[in-house]
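With the hints as your guide, set chain B onto chain A.
Protein chains: 2
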Amino acid sequence: MSAKLDPWGHYAIEDYRKLLEEFGISPIDKILGLLPHKHKYFERLVIFGHRDFDIWLEALKRGEKVAVLTGFMPSGRPHLGTAMVYEELKFLQSLGAHVKIAIADAEAYIVRREDRSEVIRRGVEFVAHSIAWGINPDNAEFYYQTAMDNEYYRLIQLFSRKITTAEMEAIYGDINPGKIMAALTQSADILHLQLDKYGGYKYIVVPVGADQDPHLRLTRDIADRFEQELGLKRPSSIYHKLLRGLDGNKMSKSRPEYAIHLDDDPETAEKKLANALTGGRATAEEQRRLGGEPWKCSIFELYVYHLIDDEKELKERYDECVNGKILCGQCKRIAAEKLRKLLIEHQKRFKEVITSGIAEKILKKPSF
Amino acid sequence: MSAKLDPWGHYAIEDYRKLLEEFGISPIDKILGLLPHKHKYFERLVIFGHRDFDIWLEALKRGEKVAVLTGFMPSGRPHLGTAMVYEELKFLQSLGAHVKIAIADAEAYIVRREDRSEVIRRGVEFVAHSIAWGINPDNAEFYYQTAMDNEYYRLIQLFSRKITTAEMEAIYGDINPGKIMAALTQSADILHLQLDKYGGYKYIVVPVGADQDPHLRLTRDIADRFEQELGLKRPSSIYHKLLRGLDGNKMSKSRPEYAIHLDDDPETAEKKLANALTGGRATAEEQRRLGGEPWKCSIFELYVYHLIDDEKELKERYDECVNGKILCGQCKRIAAEKLRKLLIEHQKRFKEVITSGIAEKILKKPSF
Chain A
1 MSAKLDPWGH YAIEDYRKLL EEFGISPIDK ILGLLPHKHK YFERLVIFGH
51 RDFDIWLEAL KRGEKVAVLT GFMPSGRPHL GTAMVYEELK FLQSLGAHVK
101 IAIADAEAYI VRREDRSEVI RRGVEFVAHS IAWGINPDNA EFYYQTAMDN
151 EYYRLIQLFS RKITTAEMEA IYGDINPGKI MAALTQSADI LHLQLDKYGG
201 YKYIVVPVGA DQDPHLRLTR DIADRFEQEL GLKRPSSIYH KLLRGLDGNK
251 MSKSRPEYAI HLDDDPETAE KKLANALTGG RATAEEQRRL GGEPWKCSIF
301 ELYVYHLIDD EKELKERYDE CVNGKILCGQ CKRIAAEKLR KLLIEHQKRF
351 KEVITSGIAE KILKKPSF
Chain B
1 MSAKLDPWGH YAIEDYRKLL EEFGISPIDK ILGLLPHKHK YFERLVIFGH
51 RDFDIWLEAL KRGEKVAVLT GFMPSGRPHL GTAMVYEELK FLQSLGAHVK
101 IAIADAEAYI VRREDRSEVI RRGVEFVAHS IAWGINPDNA EFYYQTAMDN
151 EYYRLIQLFS RKITTAEMEA IYGDINPGKI MAALTQSADI LHLQLDKYGG
201 YKYIVVPVGA DQDPHLRLTR DIADRFEQEL GLKRPSSIYH KLLRGLDGNK
251 MSKSRPEYAI HLDDDPETAE KKLANALTGG RATAEEQRRL GGEPWKCSIF
301 ELYVYHLIDD EKELKERYDE CVNGKILCGQ CKRIAAEKLR KLLIEHQKRF
351 KEVITSGIAE KILKKPSF
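Each protein sequence line maps, in turn, to chains A and B. Residue numbers in the first sequence follow this note's numbering, run continuously in steps of one, and reach 368 at the last position. Residue numbers in the second sequence follow this note's numbering, run continuously in steps of one, and reach 368 at the last position.
Incorrect hints may appear among the rest.
Unchecked claim - From the derived model, a few chain B residues whose C-beta atoms are all more than 10 Å from chain A:
no., residue
1, Gln157
2, Ala170
3, Leu195
4, His346
Said to hold, decoys possible - Which residues of chain B face chain A? A few of them, derived with a C-beta cut under 10 Å, are:
no., residue
5, Ala106
6, Arg116
7, Thr146
8, Thr165
9, Asp196
Note that these hints are calculated values from the structure, not bench results. Even glycine gets a Cβ: it sits at the ideal position worked out from N, Cα and C.
Just chain A, with the same shape it has in the complex (with noise of 0.2 Å):
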């Protein structure tokens, strides 16, 4: 094991390395290589697999249009969670890609059985804070599934010739009308880009959760069937670990109390801290003699996610913890510190976009 995977690397690869083998995701670290540039999520195997990114990294390599897509599915309020995907997105755009977001609300109107206009509302929020997060909109696009055109509406219909009850039963389990729309929905909102009409990106990468892989598989699918028809290529996928809430389970919208929001205040935020699940044992002494357990602690995925840029500082955090050198309360007050800065400059600048005006202008609204 790697000096440099220790902070990580404890828990990273075998909790995935079954995703990995089961499924065919191809490992990051092996094309880490072709990056332009570096990014703390590939060094840390935050993100971890990848399905053909290295054809989409040569392609940005020869000079073709490359772009990243994804989806927001607009319930609830965006978090820590949310913001990785921001993240990869202001990355993958500092690399030259253009960037096109999806405000999933016919998804979340199908599926969720969410109300239409306050799924609407939310999605301006949700544009504004990836503003905010430092994704430039002069090279962005947003929309609202519900608000495309013909070429975009025409794929999903004409998808659905093409794959089967079985294909989707694998996804979904039991089906029904809404899940089948709300699946070729996503599959068009990640292949559309590849038509004349919407700049003709042949190279398309899709950042998702680990979870998110069986809409890939399927929309890979229905690529293949659609190559020589319409001329569709396969997308590409990079697949992050999920940051979990407070509690060690997944972070969700649904258990706000252990999820970190964006527009959390930052008391607020530090309570939740306070809270939090951490790597540490029953009693000082204890911890002081036998370390801590950074791969547990859900504040040392925060630094390692968020709060910590610098490698060697990260390592440092790594190093007293499992060295029994820090207690959990003193390095929740550093997560606190380092948190309350996120916030505050995150919000100062979310308000600047609000005020702006801009989200609102460039997410044009479905008529109904």
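Chain B alone, transformed into the frame defined by chain A:
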């Protein structure tokens, strides 16, 4: 049994009574008095049933905007069964209804797995035939499903939320993604005219064959479920009996030898008639003694649906037959002469329509 219904009534009502009773389709004869003027299909109960057509007729009487919507599956060539729908559209247009015709190219592609370019080419022919039959293109719209825009497609997408797998299975038996998409597309065909964007026609009637009622039931359910959200109302519908093929089975594009196509040359059509199933007896002697059975006769059906407009003449033909005063050979020659005239006149107009290029012009093609 009234004398008026004789020519048709023998098997007409019996065959369709079950449909009326089982699914709650209302018999048409109760509301004939609401029609502003007569048409043979109503008089002869070729159109035998309806749902809410009285509501549509009353709206028409009040001077409200009314429309008629139908779809043609452009596989094969239009035949005299297709022409029944043209005839209904022409009549409803004469009452003041706006006519809108869908070319079901998405459905042909998805469910019948046809080649798209071929389907799109044939769509133009279906439209040209409809104009040649007498539909006035100035008060009519024609569209390919795959060339429609955002609001239409959004209906398809949103509809998926409020129907269940079980409802789909009740229509289709085994379902799959394509069948679901085709069914929802058909519902959007029927309901989209109600949106402001498409004219805000709240009173729509759909003329269909008796076998199409499941689609109407589904669409009525969808309208109910979106009444509050999108202001949709139930469509009205009228049901015609199916024109049988010359062998006594359903007239079908897939058995061209038993169908009269609108582009059959008159000699071919005449030969088909010569082989047609009639209600004749085993021998000439027997027929003179017992009379023929016009209710079993595919030639007599052509008289009723297309070849004889005059009620008195139709009654004469019927009486001659049942009284044994005419044999099938002679009767077929009469029918062949009428059919020749119909085809020659129609094909002359069709040629004019094609030459004018109007069908090509008004039918906007999808971009791919």
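Hints, one by one, checked against the model:
1. Gln157: About 5 Å separates Gln157/B from the closest Cβ of chain A, which leaves it inside 10 Å; violated.
2. Ala170: holds (13 Å)
3. Leu195: violated (8 Å)
4. His346: Per Cβ check, His346/B is outside 10 Å of chain A; nearest 34 Å; holds.
5. Ala106: holds (5 Å)
6. Arg116: holds (8 Å)
7. Thr146: At about 5 Å, which falls below the 10 Å cut-off, the nearest Cβ of chain A leaves the hint on Thr146/B intact, so it holds.
8. Thr165: This interface hint holds because 5 Å falls under the 10 Å limit.
9. Asp196: Holds, about 9 Å.
The earlier numbered hints that this structure contradicts are 1, 3.
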